[in-house]
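So the chains spell out like this:
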Amino acid sequence: MNKEPYTPPSIRRVSQGSANPQRLGRVPVMDSIDGVPVADLIRQHGSPLFVFSESNLRDKIREAREAFESVYPEVQFAWSYKTNYLNAICRLFHQEGSIAEVVSGFEYEKARSNGMPGDKIIFNGPWKDPKSLRRAVEEGAMIQIDNRDEMLALARIADERKADLPVGVRIHVDTGTHAVWSKFGFSVEDGEALRVIRWMRDHTRLKVRGIHCHAGTFLLDANAYVIATEKVIELAVSSEESGAGVIEYLNLGGGFASRARLHGQYLPPEQATPSFDAYAEAICGTIKRRWPSGHKLPKLFLETGRAMVDEAGYLISSVVAVKQRSMDPAASSLAAYGKGAVTPGNVLGAYGKGAVPAAVGTQRNAVVLDAGINILYTSAWYQPTIHPASTPASAAQPTTVYGCLCMNIDVIREEASLPDLKAGDPVVLHPVGAYNLTQSMQFITYRPAVVMIDPDCGVHLIRRREVLEDVQGPEEIPDHLMEKILSTKF
Amino acid sequence: MNPLSSSEPPSRLADLMLNDRGFAFDPNTGESYQLSTTGLACLRGLQQGASVDELVDRITERWEVDPIAARCDVDAFLWDLQQLSWL
Ligand SMILES: Cc1ncc(COP(=O)(O)O)c(C=O)c1O
Chain A
1 MNKEPYTPPS
11 IRRVSQGSAN
21 PQRLGRVPVM
31 DSIDGVPVAD
41 LIRQHGSPLF
51 VFSESNLRDK
61 IREAREAFES
71 VYPEVQFAWS
81 YKTNYLNAIC
91 RLFHQEGSIA
101 EVVSGFEYEK
111 ARSNGMPGDK
121 IIFNGPWKDP
131 KSLRRAVEEG
141 AMIQIDNRDE
151 MLALARIADE
161 RKADLPVGVR
171 IHVDTGTHAV
181 WSKFGFSVED
191 GEALRVIRWM
201 RDHTRLKVRG
211 IHCHAGTFLL
221 DANAYVIATE
231 KVIELAVSSE
241 ESGAGVIEYL
251 NLGGGFASRA
261 RLHGQYLPPE
271 QATPSFDAYA
281 EAICGTIKRR
291 WPSGHKLPKL
301 FLETGRAMVD
311 EAGYLISSVV
321 AVKQRSMDPA
331 ASSLAAYGKG
341 AVTPGNVLGA
351 YGKGAVPAAV
361 GTQRNAVVLD
371 AGINILYTSA
381 WYQPTIHPAS
391 TPASAAQPTT
401 VYGCLCMNID
411 VIREEASLPD
421 LKAGDPVVLH
431 PVGAYNLTQS
441 MQFITYRPAV
451 VMIDPDCGVH
461 LIRRREVLED
471 VQGPEEIPDH
481 LMEKILSTKF
Chain B
1 MNPLSSSEPP
11 SRLADLMLND
21 RGFAFDPNTG
31 ESYQLSTTGL
41 ACLRGLQQGA
51 SVDELVDRIT
61 ERWEVDPIAA
71 RCDVDAFLWD
81 LQQLSWL
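In order, the protein sequence lines correspond to chains A and B. Under our numbering, the residues of the first sequence are numbered 1 to 490, in order. Under our numbering, the residues of the second sequence are numbered 1 to 87, in order.
Only chain B is shown next, with the shape it has when bound in the complex:
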């Protein structure tokens, strides 16, 4: 599965309600989630159709982290989102 191949965000992601402090509400399940600031940036990126490389770039541009660590963490985050069936 490669959820990031299309520039259209998957519908579950598009349905999410997100606020600026990283609070996310999933109307499909009624569950609420708290995202870290970098998690929020990734989710916003995904909603805009960003690729994994682009997500890593966004993170390394703004936060104090090297690309390899950022890549490792973004991959783990995407895996979490897949478990939630958001991707």
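Excised from the complex, chain A in its bound form:
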């Protein structure tokens, strides 16, 4: 006789309002990714496992290119390496016509090893080490100057080479829609950027040919780009008028939102995330309106990262343990983490000491997954949707989802809508394709394998699971610590 899927006997008090389990909505089961069953993926590659959809990656870049190229004559996308620099992913974007955007010597080397010639690399970032900067100059990379010291270093290199050096200048702007990213580049509002451009004109062989502005990331308000573009154009016009030469390109950086959901974001991503068309209209419409008539329109560079890769990425994970936890928000792990008001009592409660046993019936499900926040760095800002990957044994209810790290802050979702789960049940977290791999750290576990599913359902390993040697390969042990017993003067 076939038995029914089991969940333990439980009892929960039914209450109104915020504790209503239905308020989080239903999360559909995801038992396959691009036609490949999750169970097969786990069987072949283990759990946890990152999975990328090749079709989704290709669809996104094609959709973005179509949105911009249909309204503007000369657009070039550059793949933002830091968003995800697995070589398979970088190469896919290069196949689709994107050049490379890098922010360090390491990324520069990676782009070169992926077949990008120097003149197809945009070199950004606040610190470009001297060796890489020199190499980038020699190989004709598009260097975007971030600060005075870098500008002086480049001026010296250009002098040594006895040749003019075309450069871009990075600026930061106040769009009024979010905090200004004033860490990067020169300020435009107080005239700093124009002053520096004039100084370069008078004292160096640096020729400013481009203006770069990456105003922020996950910009849900497309209007931010109207304002940023207006300010970039104002500077470009002033620069030309000052006799510093023709501005040939504008670079509006990245920042388009993916269909992720910020903590505390009220509207669902389907409603909140602007389309590529909306971003294209904000940027290209503004250039066409504001660029001085009679002048050739500048080439437009875009360095879109997360919107290209986030939704293509999934993390398969498995439940390893199930717990019951108090619904009392003061006892939530976030109280110990520093979000929200923390009284000494709360902190003790969150660490488990002196916690008052919660009334029975007010407990909620909590699950521990075999993946932790060390490979889901973005869960600090975004709430990945967690899909059950097998038929649910009960209705969905608010569930706390912990990671597997031995740290109290390792909470992937304070409250996800999940059915009763048991150890061994697989789940799929989505979207997780942007920044998680590049920002992940090895901590107490091996980082998982990464596979890519091609449009014919072929599964390709693009990064194997780590092994001990990957972690301790760079280590050295001093001779006197090789012996079991101390035999030196120490």
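Since the hints were derived computationally from the structure, they do not count as laboratory data. If you're wondering where the values come from, they're calculated on a predicted model, not measured in any experiment. Heads up, a few of these hints could be off.
If you want the footprint, here are the derived chain B segments under chain A, 3+ residues with CB under 8 Å [what the hints assert, rightly or not]:
1) 30-38
2) 71-80
Listed below are several chain A residues computed to face chain B (Cβ distance under 8 Å; list not exhaustive) [claimed, not checked]:
3) E4
4) P5
5) T7
6) R12
7) V14
8) G361
9) T362
Ideal Cβ placement from N, Cα and C applies to all residues, glycine included.
We have chain A; now place chain B with the ligand onto it with these hints.
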């Protein structure tokens, strides 16, 4: 305390109003509760005077779980019911 020694269910349990979807109303406190399907089976069993072993048997017969895990979960469930003073 051994609430399961008598074949008569304790009165608080007998008072409970239960429906087939696991919704329980406690007329003594006015509180409502939602039971999982296995929780409902246990509560029904208790109302009929079943022993712990019988509850475990009922669960392992119908659901995909081994006796030791079922026993562990039934004991935890009974503990919860004691906290509610239902046993
Ligand atoms: C200079 C630059 N360009 C592009 C990007 C990619 O941004 P996003 O992923 O928001 O599109 C970043 C990210 O911070 C950046 O600093």
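Outcome of the hint check:
no. : hint  : in the structure
1   : 30-38 : holds (count 8)
2   : 71-80 : holds (count 5)
3   : E4    : 5 Å, holds
4   : P5    : 6 Å, holds
5   : T7    : 5 Å, holds
6   : R12   : 5 Å, holds
7   : V14   : 4 Å, holds
8   : G361  : 6 Å, holds
9   : T362  : 10 Å, violated
Comparing the model with each earlier hint shows a violation of hint 9 alone; every other hint is respected.
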